[in-house]
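For the record, the sequence lines run as chains A and B. For the first sequence, this note's numbering assigns the number 3 to the initial residue and increments by one for each residue that follows. For the second sequence, this note's numbering assigns the number 557 to the initial residue and increments by one for each residue that follows.
These are calculated hints, taken from the structure and not from any lab test. A hint or two may mislead.
[To be verified] Some chain B residues flagged as far from chain A (calculated, every beta-carbon gap over 12 Å):
no., residue
1, Leu588
2, Leu621
3, Gly645
4, His658
5, Thr671
6, Gln676
7, Gly683
8, Arg686
9, Ser705
10, Thr715
11, Glu728
12, Asn785
13, Thr801
14, Thr813
15, Met824
[Stated by the list, open to error] If you want a taste of the chain B side facing chain A, the calculated C-beta under 10 Å gives, among others:
no., residue
16, Met685
17, Met770
18, Gln799
Where a beta carbon is used, it is the ideal one built from N, C-alpha and C, also for glycine.
So you can see what is in the structure, the chains are spelled out below.
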Amino acid sequence: MKKMIIQSMMTALLALAAVSTASGQQPHVYINPGHGGYDSDDRNMVIYPFAQGDSAGSWESKSNLRKGLALKEILEKKGYKTSISRVTNTTADDLALSTIVALCNQSGADVFYSIHSNATGTSAVNNFPMVFYRGYTGSPQVVNADVLAADLEPYLYANQATVWTHNYQIWGDWSFRPEWGTQGYGVLRGNRAVANLSEGSFHDYIPEAYRLLGLQYCWMEGWNISLGADKYFGRLNQFGQGAVTGNVRDDRIKRLQENPQPFIVYGDDQLMPIHGATVRLLDQEGNEVQRTMTDTLRNGIYTFKYVNPGTYTVEVSEPSHFTQTATVTVEANGSTYQNFYLKRVRDTPPVVVDYSPVWHEGDAAVKCSHPITLTFNWDMDSVTTCSAFRLEPPVGGTFKWEDSYYRLVFTPTDAFDVNTLYTLTLDRSAEHGGGTAMDEDFVMQFYTQPRNHLEELAVFPYEGAPVHFKTPTVELRVDSLLDTYNLFQRLRVLDTDGNELAWNKRSIKYNKKGDAYGYVRIPLVKNLEPGKDYRLVLDMDIADTAAIHLPAQRVINFTGVDAGADKPGMTVVEPFESADGYKAWIYVYSIDTHYLPVATSTERLFGDTSLQLTYDFNDKSSVLISYENRHDVSFSKGDTLGLHVWGDMGFHRLEVMLDKDNVSGARLPIDTIDFHGWRYLEIPLDDLEEGNYKFAGFMLHRNNQLMGNTGIIRFDNLLKKASSGIDELQVAGMQVRVAGDYIVVSADTWVQGVELIDIQGRTIKATSGNCLNVADVERGIYVVRVHINGSTSSQKIRL
Amino acid sequence: MKSKLTILLLMASMLVTATAQEVEVTSRQRLLEGVEGPAYYPMLDSTGEHLLFLTDGGALKVHDLTDGVTSVVTRDYVAGHDACWGGDGNVYYVTQQVGEDHLVYRTGQCYDASTGKTVQVTEPQHGAMRAVPGTRGGALKAPGRGYASATDIGSAAWTEENRVHITVGGEERVFSPVDSWAGYLWASLSPDGKRVAFFAAGKGIVVIDLRGQMLALLGNYEMPCWYNNDYLVAQNTKDDGHQFTSSQLMLLKADGTWQAELTSPTSMAMHPTCGGGRIVYTTIDGLLSEMHIQIHE
Chain A
3 MKKMIIQSMM TALLALAAVS TASGQQPHVY INPGHGGYDS DDRNMVIYPF
53 AQGDSAGSWE SKSNLRKGLA LKEILEKKGY KTSISRVTNT TADDLALSTI
103 VALCNQSGAD VFYSIHSNAT GTSAVNNFPM VFYRGYTGSP QVVNADVLAA
153 DLEPYLYANQ ATVWTHNYQI WGDWSFRPEW GTQGYGVLRG NRAVANLSEG
203 SFHDYIPEAY RLLGLQYCWM EGWNISLGAD KYFGRLNQFG QGAVTGNVRD
253 DRIKRLQENP QPFIVYGDDQ LMPIHGATVR LLDQEGNEVQ RTMTDTLRNG
303 IYTFKYVNPG TYTVEVSEPS HFTQTATVTV EANGSTYQNF YLKRVRDTPP
353 VVVDYSPVWH EGDAAVKCSH PITLTFNWDM DSVTTCSAFR LEPPVGGTFK
403 WEDSYYRLVF TPTDAFDVNT LYTLTLDRSA EHGGGTAMDE DFVMQFYTQP
453 RNHLEELAVF PYEGAPVHFK TPTVELRVDS LLDTYNLFQR LRVLDTDGNE
503 LAWNKRSIKY NKKGDAYGYV RIPLVKNLEP GKDYRLVLDM DIADTAAIHL
553 PAQRVINFTG VDAGADKPGM TVVEPFESAD GYKAWIYVYS IDTHYLPVAT
603 STERLFGDTS LQLTYDFNDK SSVLISYENR HDVSFSKGDT LGLHVWGDMG
653 FHRLEVMLDK DNVSGARLPI DTIDFHGWRY LEIPLDDLEE GNYKFAGFML
703 HRNNQLMGNT GIIRFDNLLK KASSGIDELQ VAGMQVRVAG DYIVVSADTW
753 VQGVELIDIQ GRTIKATSGN CLNVADVERG IYVVRVHING STSSQKIRL
Chain B
557 MKSKLTILLL MASMLVTATA QEVEVTSRQR LLEGVEGPAY YPMLDSTGEH
607 LLFLTDGGAL KVHDLTDGVT SVVTRDYVAG HDACWGGDGN VYYVTQQVGE
657 DHLVYRTGQC YDASTGKTVQ VTEPQHGAMR AVPGTRGGAL KAPGRGYASA
707 TDIGSAAWTE ENRVHITVGG EERVFSPVDS WAGYLWASLS PDGKRVAFFA
757 AGKGIVVIDL RGQMLALLGN YEMPCWYNND YLVAQNTKDD GHQFTSSQLM
807 LLKADGTWQA ELTSPTSMAM HPTCGGGRIV YTTIDGLLSE MHIQIHE
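Kindly generate the complete structure, drawing on both the sequences and the hints.
Structure representation (structure tokens):
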């Protein structure tokens, strides 16, 4: 006791000395608690249980004021002169920034602290102290503003009652906000004092928002700013008392996530802060020096202010936890941090109070994806509980603890086997967090269903598929409705360098209730590069609504192509620039205008339009689109027919109809429409009988699968290549002649190029004009290919 | 009942007056465009012929609007923030140095615009020091020994904490006509020396007579300057707590019965100063401009 009295006297003398030595030369600190009031610019964080706008909740304006008032009180105790821009939290106190600066200048203050907390304003969540001064980093406008900042930040960052995510940062505001030019922060602009704007922590880090609700935590920030001022003015040795603070948390129970959305927590902030804990500061004789309590604002903070130097015991007690003590040493004008992790009082053995799946002989079988859940009366020890967990037959899987170790969830790595009786035994060695084991084993059984994996019905692109490069669409179809939550994250298209191509999420299409199968259909945002290889990755955890997932991850290789690329040697027969002459028929060939195709500019490869067929099969088995106008061009045995088709992955069969002498001649199977987007399809006409055939339309045959009852397909440029490789089509007025060393092409229209092709099909020479120099070409038979009006025409020639 | 009716009639007639009155901005032009970089805190002398301003680089300069010559007063960064013209045509300002003990020491200076020479008029002192313009000279108010250009610098007005000081005929009076926790700022005498306008934090612009009697509250605007004996120009600054979001110039009738916008509500015009019928102001990015107005009463 005597020692205490002497200590107190010494402290009082030191405090007096601090004031008297500063007589006439007191450092003058201007304090600006940032913002003011409960208005839209006062940074209200909505945290449970406070509603938006509730003045009892988290407001930066409120915590700034608490810190500022604490700083004023502490600095005055330390012998400083202070001025402050506000002492209440009202709108009227929210002075204009230019007013605050002018008030500071008029006051003659040596230094200026504008006290704030920070927010990222984005989904990123951080917590670290920052301080700003006017000017570029390292080059302050007012001399020493960078020194003041450097003296402050280590004290803020030393705070161990919070959880920092990064080291502190010091910035010149012109460097930090280059987009503002030299405007900078308003309270630093024109400020003649050595000025700092301190962002002590981040209030949008939710655990920090709860701490900032607490008076004791705000006081401690004021204390730490005062230490920064002491360091700056060389007065650290002029105050004789210190402070003790810390955080009281449960040693393993996770903190409640009662906010509307779960929030991010780092480090010790994952643990539950203890409400209402009594915290006592005891001297070495066990006498109580100070007593405080943690509040009920989800922060667990305690603080002892103005403690004389010495060694103390901090004792924390709370009825549902065991009492803990720690020895701390308090230094004059220092901060002492001591956090506590209290162990819960658990006074009965652990038992399983609930479990899932619950199954008895004769019940419906359990889904093969069903996780096993065990709920206990106490929070359990993870190691002993997981090692006490045995499944017969054995299944690999993962354990996950929920509800602060009260609930254990076992999820099989793949799936439970089908039609299998499983027995789970949790033997009595499982312990709760206090180290007491179960009195007896827990046993449960369940029987599984006959299906344990999702079956893939179709996918595009499929392995090796050529995919038209323009914003292609990817589609997966499976045998039951997909769980669409974040499904797009489980499919990826990667290029050969491993770069992921972005989805156009606004155009995503999912299966919906009542659909006969599950699907997801997503276009890419950007184009592919023709000629480049890609891969589609389907993750194993793509699952249906019953959590039945794919049997394994799938990697599907495909190639980007340009379906509209030039087709050498091919001539356009039908450009589909008009729907005139087309008629629609349904099986068995009754005319039906409902199916009449239209010319559309929505999707086209060439010209202004393509031909679009919108179909709805319902009870029909096929649709025929006949073309009544006959082209001059005819096909014959040995020719090649080319067609550009825009597919909808309907899996219907497409045929091209050719008439021979105006009567039905041939139906040429083109392809099954198992793709999305444009594709160029080519059919050799080697099996045709002799004769002249003309294009007469299409036939689309319904698939016999669940999918594709309705849809759209489109057609663009129908092409022909003559069997000789030389087109019979003559462009009006076109002449090809050999004139000396040149092949000269003339026509009624612009000649865009001439190629000379040998009998092996190789281009020997080419020009973009109409005259091709062949002086150095060997004598022989060649083909001249002429490019006119976007199409080509070929002709044999002898040199 | 009769008195209530009279008040209502008076209010109605004021309203008619208010609606009948208007201001016309007759010209607006950039000053020192292409000659000077960003400039802030412009301050016209009473004739409107000389303009003090602070450059972005930290130099306090004076620009003669009659001959276009610009001279450097000092290159001390903080000097320009509260420099003022004395009634004697000199510039009074304060420089500061940070001592080894990190306290800020301030020194009073007087710049003679006719010779271009500066004289240090006070010793460096710790604490608040400010330049005060008088109608016949200037003074440096300091915690220790200050300075006055003459025994009687004429009429003057300045603020200190939540007090406004008025000196007339060598007699200083101190008033606190309105409550303001944070304090008073920007006091100035009307050109005829009969009234004082100042800013009370949390209350706005206050007009008082020389006996401290409150005549009008003009609204929560900042940095008032007397345009003439009946009107003041002030700034209406908005911010989000960190940076300015707008700053508008307002014309305020000194009796509080009328006000009008001189710039748009979304403008960034600030630091107005008046003299000789001129209004000069700057913008947040330091573009000095001169404005002329015509008031139709």
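Now for the hints, and whether the structure bears them out:
no. : hint   : verdict
1   : Leu588 : holds (17 Å)
2   : Leu621 : holds (24 Å)
3   : Gly645 : holds (25 Å)
4   : His658 : violated (5 Å)
5   : Thr671 : holds (27 Å)
6   : Gln676 : holds (18 Å)
7   : Gly683 : violated (5 Å)
8   : Arg686 : violated (7 Å)
9   : Ser705 : holds (21 Å)
10  : Thr715 : violated (7 Å)
11  : Glu728 : holds (18 Å)
12  : Asn785 : holds (25 Å)
13  : Thr801 : violated (9 Å)
14  : Thr813 : holds (24 Å)
15  : Met824 : violated (9 Å)
16  : Met685 : holds (7 Å)
17  : Met770 : violated (18 Å)
18  : Gln799 : holds (5 Å)
Comparing the model with each earlier hint shows violations of hints 4, 7, 8, 10, 13, 15 and 17; every other hint is respected.
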